[in-house]
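Chemist: With chain A's structure known, arrange chains B and C on it following the hints.
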Amino acid sequence: MARFILRRLIWLIPTIILVTFMVYATIRVGWDPLASYTRANPRASAEARDRFVKANGLYPGFSGVVRGYREWLWAFIQGPSNWPLSLKGNSPVWPVLKYSIANTLRLYGVAAVIGISIGISLGIAASRKPGSWLDTIINSTAFYLGAIPAFVSAVVLQLIFAVQLGWLPPSGVYPPGQRGFDLVEMIKHLILPVTVVVIQTVAQYSRYTRASVLDVSTADFLRTARAKGIPERTVLFKHSVRNAMIPVITLIAIDIGAVLGGLIITENIFNYPGLGVYFLTAINDGDTPKLLPFMVLVVVAVLIFNLIADVLYAILDPRIRLD
Amino acid sequence: MSESVLSLRDLRVDFKTPNGLVQAVRGVDLDVHPGEAVGIVGESGSGKSVTFLATMGLLPKSAQITGSAKVGGVELVGARRNVLNGIRGKRVAMIFQDPLSALNPVHRIGDQIVEMLDSHQSLTKRDAERRSVELLDIVGIPQPDQRARQYPHEFSGGMRQRVMIAMAIANDPEVLIADEPTTALDVTVQAQILDVISRIRDEMRTAVVMITHDLGVVARVADKVQVMYAGRVAERTDVSALFKHPTHPYTAGLLQSIPRSGLDRLQPIPGSPPNMLRPPEGCPFAPRCTYAEPKCTAVLPELRTVGTSMSACIRIDEIDLTPVPA
Amino acid sequence: MTDQLLPNVANNGGLDDPGGGLPTDVDAQQGLNVIGLSPTRLAWKRFWRHRGASVSAVILAVLVLVVIATPITARYGVNEQVRDIRDGNNVYLRPSALAWLGTDELGRDLYSRLLVGIRTSIIIGLASAILAVIIGTTVGAFAGLRGGRFDDLMMRVTDVFLAFPFLVAIIVVREFLGGVGFLEPIIGSKTSIRFIIVLFAIFGWMVVARLVRSQVLALKEREFVEAARAVGASNSRIVLTHLLPNAIGPIIVALTLAVIAAVVGESTLSFFGFGPQPGSNSTSLGSLVRGSGDAALAGNWHLVLFPCGALVLLAVCINFIGDGLRDAFDPKLDGGK
Chain A
1 MARFILRRLI WLIPTIILVT FMVYATIRVG WDPLASYTRA NPRASAEARD
51 RFVKANGLYP GFSGVVRGYR EWLWAFIQGP SNWPLSLKGN SPVWPVLKYS
101 IANTLRLYGV AAVIGISIGI SLGIAASRKP GSWLDTIINS TAFYLGAIPA
151 FVSAVVLQLI FAVQLGWLPP SGVYPPGQRG FDLVEMIKHL ILPVTVVVIQ
201 TVAQYSRYTR ASVLDVSTAD FLRTARAKGI PERTVLFKHS VRNAMIPVIT
251 LIAIDIGAVL GGLIITENIF NYPGLGVYFL TAINDGDTPK LLPFMVLVVV
301 AVLIFNLIAD VLYAILDPRI RLD
Chain B
1001 MSESVLSLRD LRVDFKTPNG LVQAVRGVDL DVHPGEAVGI VGESGSGKSV
1051 TFLATMGLLP KSAQITGSAK VGGVELVGAR RNVLNGIRGK RVAMIFQDPL
1101 SALNPVHRIG DQIVEMLDSH QSLTKRDAER RSVELLDIVG IPQPDQRARQ
1151 YPHEFSGGMR QRVMIAMAIA NDPEVLIADE PTTALDVTVQ AQILDVISRI
1201 RDEMRTAVVM ITHDLGVVAR VADKVQVMYA GRVAERTDVS ALFKHPTHPY
1251 TAGLLQSIPR SGLDRLQPIP GSPPNMLRPP EGCPFAPRCT YAEPKCTAVL
1301 PELRTVGTSM SACIRIDEID LTPVPA
Chain C
2001 MTDQLLPNVA NNGGLDDPGG GLPTDVDAQQ GLNVIGLSPT RLAWKRFWRH
2051 RGASVSAVIL AVLVLVVIAT PITARYGVNE QVRDIRDGNN VYLRPSALAW
2101 LGTDELGRDL YSRLLVGIRT SIIIGLASAI LAVIIGTTVG AFAGLRGGRF
2151 DDLMMRVTDV FLAFPFLVAI IVVREFLGGV GFLEPIIGSK TSIRFIIVLF
2201 AIFGWMVVAR LVRSQVLALK EREFVEAARA VGASNSRIVL THLLPNAIGP
2251 IIVALTLAVI AAVVGESTLS FFGFGPQPGS NSTSLGSLVR GSGDAALAGN
2301 WHLVLFPCGA LVLLAVCINF IGDGLRDAFD PKLDGGK
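Residue numbers (my numbering), protein chains in the order written: chain A, 1 to 323; chain B, 1001 to 1326; chain C, 2001 to 2337.
It cannot be assumed that every hint is accurate.
Calculated cross-link-like contacts (lysine-lysine; reagent style BS3-like; alpha-carbon spacing at most 30 Å) [to be verified]:
id : chain 1 : residue 1 : chain 2 : residue 2
1  : B       : 1090      : B       : 1070
2  : B       : 1061      : A       : 129
3  : B       : 1016      : C       : 2045
4  : B       : 1061      : C       : 2190
The following label-pair restraints were derived from C-beta to C-beta distances [stated by the list, open to error]:
id : chain 1 : residue 1 : chain 2 : residue 2 : range
5  : B       : 1238      : C       : 2041      : 43 to 53 Å
6  : C       : 2248      : A       : 141       : 48 to 58 Å
7  : C       : 2065      : A       : 163       : 30 to 40 Å
8  : C       : 2138      : A       : 249       : 27 to 37 Å
9  : B       : 1272      : C       : 2194      : 30 to 40 Å
10 : C       : 2232      : A       : 141       : 48 to 58 Å
In case anyone wonders, no lab produced these hints; they're calculated from the structure.
The model shown is predicted, which means the values in this text are computed figures rather than measured ones.
Every residue, glycine too, gets a C-beta built ideally from N, C-alpha and C.
Next up, chain A with everything else stripped away, as it sits in the complex (with noise of 0.2 Å):
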């Protein structure tokens, strides 16, 4: 086991260098930092100019793209002070990125708790009967909860409990001017963004639960377990949900691994300053210095998460050898 996870976190290293290269690649060809600058400095020097494209490593050619991602890689290793400045407002990325991390983690932290457990406690839940009404309800409800796009149920949310009920604030973490900390007006901030994000958490786990269970409810084993007399709680918990939670518990590292691209929909509607805003400002702003980072971030996240995915499989499945 731990030659597996060095020789995955060694390959890690070669993984992320490639995989941040076409990300760097793909971001070279997609977007023109030069216009896009030009565009929010209009006023910017000609000297001025020579510094963005010296500063971003904005050569020509393919030889060009390898040279200007190894002096991006370089500068970015070394920190964020030498990270290129965003190229509107001329400013540092790391302060709004870390401030923008914070955000989301928060925002995830709460609603996956909340989510996460509720859904798989339905799921194990309904499992138990299959057809019957507490089964019938869970299912269908998740069922349709599910089919409902985020950002529909965002907008109805918003619509509902901030504009015609004014009960919570419609958008944003703190009442436009508010300074320093206030828990109730963080919390009152982050109901309405956490609901939409728990109403799609509980859909999704509550189902995958559900099937998981009952994938494992056929098995042979819970027949022996069952012969051997003892408490049906025992069986459910130590066999049937024991077993059940392997490819459960998977999905919560996969999905976490990805949460750091941002919950961009449930945060754009509620103008909630995360990652996902963090994201669609600079792809709106074709703020490339700031996009990188980013996507930097999200990759590492991604392959981490993913091999601690494996990781936890190999943990909770002995049939499973790493080897």
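Modeler: Using the frame of chain A, we list chains B and C on its own:
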């Protein structure tokens, strides 16, 4: 004769299906005495496994069970789950056909045996672990202390079946029900497993119910045989009598379909078992029986004594079923 | 199994469970004489027993008919105002006899625009799903049959891609494809329908490929494939005549899922301004949904309710159909006591 440890009376099992009620078991009686080995023989679909899964309370909810199944005087049909759980694993244990899927892949072998011990005895953790290693030793698993820490996938099929037996005898049960324990195994391994079961029976005085479609297995392990067909008992007899004087045409048919040296014609029984959604009114075997007469299809035959055997063939006095000598 | 609105979804993605449909323990023990129906006919029967799926199939069929027949069913042109401004106000009208679902900011009939929008969305969904299935089936069958390095590579690449946040990936790839000049004559500009179809196919094929691969891996070991190989059939022949017909169930399910992903994806992209602009004489569900945030704030509820409702209806129906198909092709029994 002593009190029977397992006794079934008019046990019936029906399955609710979208197409109607499937009558899988239609009134089975059985008595198993302490230390006795009874073979239950029949084709797949004869209801032989369902009978004992019903006894153990291991059938899905779509099964409706009526009649009586008592272990040591305790009624199991319709019993509350805690009554059931006090009996199964403790006084009656069961092993299954496919030892690969019968063990939970994510728990260690030792832990799965400890779980069996823990559910019926109060042992310290260390005692339970020591006992589980002992049990693995009893069923003939080499290096039992190391093997106890391994997972099911690290065991061969025969070794897994030994683990199942070790688990089954953990609480010194009065009855061991073995549901086709050798069907999924290689021929050489089959004999070893049967030896283990026979040894357990001799040493621990555990009664054995051996469910099988293989008359060879019956000959090797059992003293008494109950032949089942279409959810009914066709014949009940001693093993020696079964091979010499079968008292039901179905049994005779089974005997003739065993390949034997010196006998070049192998006669399979023509036709297939009846549809249990609508079982025939008379003798269920009549449509496939070479001796069938109109009276056979009129009324469902009951078991009656024929010499030392019990037979459900109404024509048994009129026909000669003695096997052709080799 | 009584009163079961939503039978279990055993194969909820990720849980590889190829095969299915084998006679189970209980069946064998009960001695059921299975009535001789072909697997396809059995699946068909089971599909129509699934209440949600059969109702959805009927709704969707009606919807498709109405949408195809827009020249007859639509009451106004896409850009036509319901009445001249001199005859009375025509913008933001509430639903009425004049405009069944009300009008938008330019006085156009929402009902007629919705029909055209649904048509565009269904075209996008179907075209990209079919494209994804063709690519995915080819790659997946090849990888599953050949195994080896190509298979490893494909699994790794799709692993990472599928774990990647979908919207991030699709928005970045969209910009990339839009930025490559020589691709434009082939796949159209960033805002064309053709472009969005290609975009969704690029992301959709991987799910299909993994599914087909796992099916092929499972079927490869089965006797009839061994038999075909023994008589010297070529790989491509085995795939076409033996493997694919047996994997058709999961492929069809994947197709429905790809359709729904594309329909919802188009709306989501449009909502944030990354969607297609279907031209002046057409519209898409996404374009209609796009303004819903602002419309909601202004109190024009019908501009939120109907486009979003249509989207949810489509999503629910296709999900149901996918569910019904999955159950039809992969039946499961209920558990033990």
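Chemist: Okay, residue 2065 of chain C versus residue 163 of chain A on CB: inside 30 to 40 Å?
Modeler: Cβ of residue 2065 of chain C to Cβ of residue 163 of chain A: about 37 Å, so the range 30 to 40 Å holds.
Chemist: Within a Cα-Cα threshold of 30 Å, do residue 1016 of chain B and residue 2045 of chain C meet the stated pairing?
Modeler: Holds - the C-alpha atoms of residue 2045 of chain C and residue 1016 of chain B are around 19 Å apart, at most 30 Å.
Chemist: Next pair to validate is residue 1061 of chain B with residue 129 of chain A; report whether the Cα-Cα distance is within 30 Å.
Modeler: holds, 10 Å
Chemist: Does the Cβ distance between residue 1238 of chain B and residue 2041 of chain C fall inside 43 to 53 Å?
Modeler: holds, 50 Å
Chemist: Lying within 48 to 58 Å: is that true of the beta-carbon distance residue 2248 of chain C to residue 141 of chain A?
Modeler: violated, 32 Å
Chemist: Is the hinted pair residue 1090 of chain B and residue 1070 of chain B satisfied, with a Cα-Cα distance of at most 30 Å?
Modeler: Holds, at about 14 Å.
Chemist: For the hint 48 to 58 Å, verify it against the beta carbon of residue 2232 of chain C and that of residue 141 of chain A.
Modeler: Holds, at about 54 Å.
Chemist: Check whether the Cα positions of residue 1061 of chain B and residue 2190 of chain C lie no farther apart than 30 Å.
Modeler: violated, 57 Å
Chemist: For the range 27 to 37 Å, tell me whether the beta carbons of residue 2138 of chain C and residue 249 of chain A fit it or not.
Modeler: Cβ of residue 2138 of chain C to Cβ of residue 249 of chain A: about 33 Å, so the range 27 to 37 Å holds.
Chemist: Go ahead and decide if the range 30 to 40 Å is satisfied by the Cβ distance of residue 1272 of chain B to residue 2194 of chain C.
Modeler: violated, 59 Å
Hints 4, 6 and 9, counting from the list given before, are not met by this structure.
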